[in-house]
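*Asks:* Here's the letter readout for the chains.
Number of protein chains: 2
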Amino acid sequence: MKIITIGREFGSGGRELGKKLAAKLGYAYYDSEIVSEIAKKTSLSEEYVSRVLEKRPKPVYPVGYGTTFYMTFNPHFNLSNSIYTEQSNIISDMAKRMPCVIVGRCADYILKNEDILRVFVYSDTETKLERCKKYAPENENLSDKELLSKISSVDKERGKYYRFFTGQKWGEKENYDICINTSLIPIDKAVDFLAAIALGEQNR
Amino acid sequence: MKIITIGREFGSGGRELGKKLAAKLGYAYYDSEIVSEIAKKTSLSEEYVSRVLEKRPKPVYPVGYGTTFYMTFNPHFNLSNSIYTEQSNIISDMAKRMPCVIVGRCADYILKNEDILRVFVYSDTETKLERCKKYAPENENLSDKELLSKISSVDKERGKYYRFFTGQKWGEKENYDICINTSLIPIDKAVDFLAAIALGEQNR
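If you're matching them up, the sequences are chains A and B in order. Numbering (my numbering) for the first sequence: 1 to 204. Numbering (my numbering) for the second sequence: 1 to 204.
Because the hints were derived from the structure by calculation, they are not lab data. All figures in this text were calculated on a predicted structure; none of them were measured in a lab. You may find that some hints are simply not true.
Straight-line alpha carbon distances no greater than 30 Å define the calculated DSSO-like cross-link-like pairs of lysine-lysine that follow [as the list claims (entries may be wrong)]:
#1 173(A) x 160(B)
#2 160(B) x 156(A)
#3 160(B) x 169(A)
#4 189(A) x 173(B)
#5 173(A) x 2(B)
#6 24(A) x 133(B)
#7 173(A) x 169(B)
#8 189(A) x 24(B)
#9 169(A) x 156(B)
#10 112(B) x 145(A)
#11 112(A) x 24(B)
#12 169(A) x 24(B)
#13 24(B) x 145(B)
#14 150(B) x 160(B)
#15 169(B) x 150(A)
#16 133(B) x 19(A)
#17 189(A) x 20(B)
#18 173(B) x 24(A)
#19 169(A) x 189(B)
#20 112(B) x 156(A)
Modelling step: build the complete structure from the supplied sequences, incorporating the hints.
*Replies:* Written as structure tokens, this is what we have:
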């Protein structure tokens with residue numbers, strides 16, 4: 001298949017896997033690029049869009065419960081919702097334009113009717129902590145406790161965002177074709193396997 | 001690694017995957033053989049042991065809730081519990097004796113302190129139905145509705161059994177190193193990948 005979506009827990013190596021997979025297959029790679037594109041189209045500042053996309057509207061109502069009132073009267077939601085719609089359109093456009101790997105952004109849900117391979121990447125807390133330390137920005141000096149709190153909070157927001165816009169539970173295996181725990185499975189081996197699947201399916 | 005455990009939803013092809021993987025690696029393969037071994041050791045009839053193992057004691061109490069009373073006074077539980085203990089010992093013995101693939105029987109939990117690769121195999125309902133029809137015994141003529149009910153009931157029992165003896169949720173990705181949805185991922189490709197992981201890790 002020509003579209004691969006990657007959901008990922010923070011610090012599990014999902015971005016690395018996505019980039020390597022795109023490089024191996026010669027596919028386009030998207031994650032924050034999507035946000036830039038949205039920003040250009042809507043003339044909102046990239047920073048603001050990025051903040052809204054990460055944070056998602058608050059307070060959270062379960063999908064299908066109270067959303068009518070919320071959607072009508074909460075200007076913050078209306079803005080976020082229009083950004084989500086814009087983002088969905090852009091993802092759909094891009095996926096039609098050329099084969100691609102898309103990390104995050106509910107792409108698995110947005111493209112659910114296309115011929116896609118849906119991957120979820122996760123790992124145990126120790127692995128995430130180790131990875132976050134290894135790849136931390138130079139000016140970021142967080143303690144283990146602060147890092148753990150950051151990991152947990154980023155994943156919580158991703159879960160809420162995904163739930164809010166898809167009505168599905170983030171990271172639940174039924175929504176994916178393969179779930180890979182990078183605490184044991186080496187990323188490079190996973191890349192080889194996923195590339196074989198994508199190419200094999202394409203030749204059907 | 002020399003031990004691979006496979007949890008699987010009924011009709012998802014977990015047994016096929018396990019057998020092919022064992023053959024490819026030259027590992028021993030176990031599933032119902034374990035039951036036979038238990039039966040020999042405890043002098044209970046194989047059929048009875050099989051029935052108890054599949055059905056697990058009823059009614060079900062959450063682990064850590066009411067189990068003291070239950071364990072003390074319910075003869076059915078005491079028998080099942082002693083069979084589970086016996087089974088755990090046998091699985092541990094076998095895993096020490098030679099490299100193996102073990103399907104089901106809470107092996108991932110029983111061997112959690114060993115160097116193992118924990119696989120879970122699942123698929124969507126349509127795939128399971130198709131598979132069950134393809135491999136149905138000649139004398140089994142179930143309607144789609146009856147098959148679906150069988151699939152759901154077998155998985156429910158497996159989930160209860162696993163929960164009862166491990167305290168963990170059956171099929172939850174955090175308990176596994178890789179979860180494979182056989183609706184899209186071809187079993188033979190998964191076998192190649194898992195063999196590469198097992199052999200790669202062994203050479204570390």
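*Asks:* Now, for every hint given, state plainly whether the structure supports it.
*Replies:* Here's how the hints hold up against the structure:
no. : hint            : result
1   : 173(A) x 160(B) : holds, 19 Å
2   : 160(B) x 156(A) : holds, 29 Å
3   : 160(B) x 169(A) : holds, 22 Å
4   : 189(A) x 173(B) : holds, 19 Å
5   : 173(A) x 2(B)   : holds, 26 Å
6   : 24(A) x 133(B)  : violated, 38 Å
7   : 173(A) x 169(B) : holds, 13 Å
8   : 189(A) x 24(B)  : holds, 18 Å
9   : 169(A) x 156(B) : holds, 21 Å
10  : 112(B) x 145(A) : holds, 27 Å
11  : 112(A) x 24(B)  : violated, 34 Å
12  : 169(A) x 24(B)  : violated, 36 Å
13  : 24(B) x 145(B)  : violated, 36 Å
14  : 150(B) x 160(B) : holds, 15 Å
15  : 169(B) x 150(A) : holds, 26 Å
16  : 133(B) x 19(A)  : violated, 40 Å
17  : 189(A) x 20(B)  : holds, 20 Å
18  : 173(B) x 24(A)  : holds, 27 Å
19  : 169(A) x 189(B) : holds, 28 Å
20  : 112(B) x 156(A) : holds, 28 Å
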